[in-house]
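Protein chains in written order, with our numbering: chain L, 1 to 348; chain W, 349 to 696; chain E, 697 to 1044.
Be a bit skeptical, because a hint or two may be false.
To be verified - Here are the simulated DSSO-like pairs of lysine-lysine, each with C-alpha atoms no more than 27 Å apart in a straight line:
#1 L:297 x W:650
#2 W:676 x W:650
#3 L:328 x W:546
#4 W:650 x L:332
#5 W:399 x L:302
#6 W:676 x W:645
#7 W:666 x W:676
#8 L:51 x E:993
#9 L:318 x E:783
#10 E:1028 x E:1014
#11 E:783 x E:747
For the record, the hints were derived by calculation from the structure and aren't laboratory data.
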Amino acid sequence: MSTASKTPRELAAILGGELDGEHDAPITSVAGLREAGPSDLSFLNNTKYAKLLKETRAGAVLVAASWEGEHRSALIRVENPDAAFAKATELFRPAPVRRLPGTAASAVIGRDVVIGKDAHIGENVVIADGVHIGDRCEIHPGVVIGEKAALGSDVVLHAGAVLREHVILGDRVIIHNNAVIGSDGFGYSVDAAGVRTKVPQVGIVRIGDDVEIGACVCVDRARFGETRIGNGVKIDNLVQIAHNVVVQDHAVIVSQTGISGSSVVGRHAILAGQVGVAGHLTIGEHAVVGAQGGVTKDVPPKTYVWGTPAQPFEQYSKSLAHVSRLPKLQQKVAALEARIAQLENAES
Amino acid sequence: MSTASKTPRELAAILGGELDGEHDAPITSVAGLREAGPSDLSFLNNTKYAKLLKETRAGAVLVAASWEGEHRSALIRVENPDAAFAKATELFRPAPVRRLPGTAASAVIGRDVVIGKDAHIGENVVIADGVHIGDRCEIHPGVVIGEKAALGSDVVLHAGAVLREHVILGDRVIIHNNAVIGSDGFGYSVDAAGVRTKVPQVGIVRIGDDVEIGACVCVDRARFGETRIGNGVKIDNLVQIAHNVVVQDHAVIVSQTGISGSSVVGRHAILAGQVGVAGHLTIGEHAVVGAQGGVTKDVPPKTYVWGTPAQPFEQYSKSLAHVSRLPKLQQKVAALEARIAQLENAES
Amino acid sequence: MSTASKTPRELAAILGGELDGEHDAPITSVAGLREAGPSDLSFLNNTKYAKLLKETRAGAVLVAASWEGEHRSALIRVENPDAAFAKATELFRPAPVRRLPGTAASAVIGRDVVIGKDAHIGENVVIADGVHIGDRCEIHPGVVIGEKAALGSDVVLHAGAVLREHVILGDRVIIHNNAVIGSDGFGYSVDAAGVRTKVPQVGIVRIGDDVEIGACVCVDRARFGETRIGNGVKIDNLVQIAHNVVVQDHAVIVSQTGISGSSVVGRHAILAGQVGVAGHLTIGEHAVVGAQGGVTKDVPPKTYVWGTPAQPFEQYSKSLAHVSRLPKLQQKVAALEARIAQLENAES
């Protein structure tokens, strides 16, 4: 395929190391010690993981020149395993794709569209009327951009991403494949019979500079006003951001997390994977919510919470420990009961 | 951008109110008190939230004429803050997009396709053979509709949505961007060696009238027969509906919920965010499952359940309270133990 | 629509059975007993479910010739209800779609692309430079394939799926609609001020033979080396696979599960729905993680774990039972306390 193939001996020569052990099969990739197979080069940069050298299936492992210990694979001894691994990574990485400025013939561009200098508009892209695309943007195949959306400079929209009408992006924003920015918020009025009528979602989404948004993420437009993503925010795949949410600068939102309507995620806050946040709450600055946590009330700044309902980490850990000791507590109470019965018998 | 800009003084004049306080910076949007920044107009319609007026960063806040209390922002006093806010929302909303009847030149239309009166077929849409599109439907750019799918009238399919072959939609259905209706169910036979073989998924998906389906939702086609979504059902983003599920009329399914194969969600039932429902279960009519709940057995009608495994809300709340009191219980048992030991010593 | 319509009497004749009861309304589909409505044929193949015959809304139900018991619907008595139901399923299923070899006029094919024998390239597909498509592949409308990606033979990519550059697929892989293979991993370096800088994700994704991947699934490319999906792996909708994850042969991953970076899922392991796996962990071969489980440390082979944090199933079940008995334990301790007080009084 697109990657190089080297024997461990060749690799040792290229990386300025010394081969220790026999392994003739070609190496075609790099991997961590746990995940590596016979065609992978791996590395040990922290002796904490030395026991993995007894188990790894790697074809060869980069270790420090002086390293001693049990191992299964061929070793390549080098001065600096970290640096050598970085070099090997470059060796096996596929050549990066370059996208030239210009607009593909198959792209469909609406009226009153402004396309900045050196922008690349890929195949089958659809850009509606009144859109503004900044300098050096890359719009990949099949992207759809709605009416009057505005992109800053150096934005990358990956294939299949959809920006709905009036969405505003800052500079250097990256949006991954099939993400959706600006779909309608989930809002209905409900009558006495329990029948719901759509509440128009007439707001927009505004995204700051240096934001990265993962694949299949959904960011809903505001019911009114703006759903806001601040500068430097990083959002992983499959995250849900509801209408009128505000994610402040430099917050981090890990995969499959969901944030309900009108909640605020403070600056530098971190929401780990699969977290849920109820509506109209505030997650304080620098707060952290542990994976799968369910946030049902405000989280103070700099607090680490976990669990459903989310509570301070120490308290939650203590609860978990107490729960795991319940069988013992049950036994202890039974024993006390017996001793009391004996005392009562003696008494009577 | 596409929105208006007004000073608080101009806004007060437009909304028939009185400005109280100084703030010259332009207002360009509307927002709730928690999320608002200096360029937002906000509003206080319920004195319950009055304390937010001490913290809000809003540029100006609409309040009732007679309101008194601590506040940070400029106020605009009006007769009816709710009505004034609605008016302001219209002022700052972007103009709605109008889609004209007709079929874009870049759309690819198969054989034996029926397109109703005044329907709009957008750029790069692909419609396979034998599809039926009702009157006044809007099919947005990049949508793909499979063979013999049938859409009622006034259906809106947002950019990137996929309807697979033979899917049937009622009237006034809205499907948001990159949602998938009719992908194969997850079904395999497994041999003694643990190797799986695909079980053909030969059924369809049938969706009723007035249904709204969020972005990146997946509704699988039936193994046989039909996966069914009733009338008036509302489904939020990133929801998973497995094969042969039945969602009855007017049920509500919030973001990131997953419903396993052949389960039935009763009329008017509500599944909050990130709920999981195991297979072959029935959620009764008007039942509610709390956020992140994991449903492992049938839920009776009109019951509110929470937790994993899901249990009646009161019972689950009581369990949570007991767990939080465990440290105290542990201490109490230790104290009893000491007192018994003392009694035993006295005895002997 | 596209399906047949038969009266129960006609069905009985076609299936070689005997009609028991009156029902003239046409049958147009098949369904399980729970989900069936008046226009459905259902079946009873296991007497365990006989009580459902009292409740089902099915228009007619296939039962064994000798079956006796309470029922609501018309019955069709047959020798083998299972076989008769399979035959009925074929009767009501829509005709399968056939895709002819060839490349649609609207497809955009890059330079140095190899397309195998009898492959089908659908409308509006975009294939970048240097891609290799094996024999008999089906590439459905709107699919985007990035530079130098390589597909084995008999691969099916459903509409809207995106394969990013350099991704490698084996033979007979099926990827459902709007799934994304090869988006960037979620990796950043962070400076003292908490500002994140993207770490280039220069690896690839390699997928084996006979893999099926659901709709809106995200598989991130490796930071370096490869994210790997082994042979025979089955992945349900909306699953997240992070960078450098290894999913070994024949593992099964159910909907909305998320696997964090560099974790390894062993051969034949099963992750149920909405499971979360933290980074750098190993799930052993044939291990099972229950739905919504949160895996925070390695899971040994052949172990069944559940809960968050995930623990052996028996232990977790015991914990849940103890928690549900907490109100009783609390009462018991209060009673002991009273008895001790009485003893102490007697003593003094």
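So, going through the hints one by one against the coordinates:
Distance restraint check for residue 297 (chain L) and residue 650 (chain W): the Cα-Cα separation of roughly 26 Å lies within the 27 Å cut-off, and the hinted pair is therefore satisfied. For the suggested pair residue 676 (chain W) and residue 650 (chain W), the alpha carbons sit about 35 Å apart, so the restraint of at most 27 Å is broken. For a cut-off of 27 Å, the pair hint linking residue 328 (chain L) to residue 546 (chain W) is broken: about 47 Å separates their Cα positions. Only pairs whose Cα atoms come within 27 Å are accepted, and residue 650 (chain W) paired with residue 332 (chain L) is rejected, the gap being roughly 40 Å.
With a C-alpha separation of about 23 Å, the suggested pair residue 399 (chain W) and residue 302 (chain L) falls inside the 27 Å cut-off, and the hint holds. A threshold of 27 Å between alpha carbons decides the hint, and for residue 676 (chain W) with residue 645 (chain W) the separation of about 33 Å lies outside it, so the pair is violated. Taken as a hint, the residue 666 (chain W) and residue 676 (chain W) pair is honoured in the structure, with Cα atoms around 16 Å apart against an allowance of 27 Å. Distance hint between residue 51 (chain L) and residue 993 (chain E) is fulfilled; the C-alpha atoms sit about 17 Å from each other, no more than 27 Å.
For the hint pairing residue 318 (chain L) with residue 783 (chain E), the CA-to-CA distance comes to about 58 Å; that exceeds 27 Å, so the pair is violated. With a CA separation close to 19 Å, the supplied pair residue 1028 (chain E) and residue 1014 (chain E) stays within the 27 Å bound. With a CA separation close to 25 Å, the supplied pair residue 783 (chain E) and residue 747 (chain E) stays within the 27 Å bound.
Of the hints listed earlier, those the structure fails to meet are numbers 2, 3, 4, 6 and 9, in rising order.
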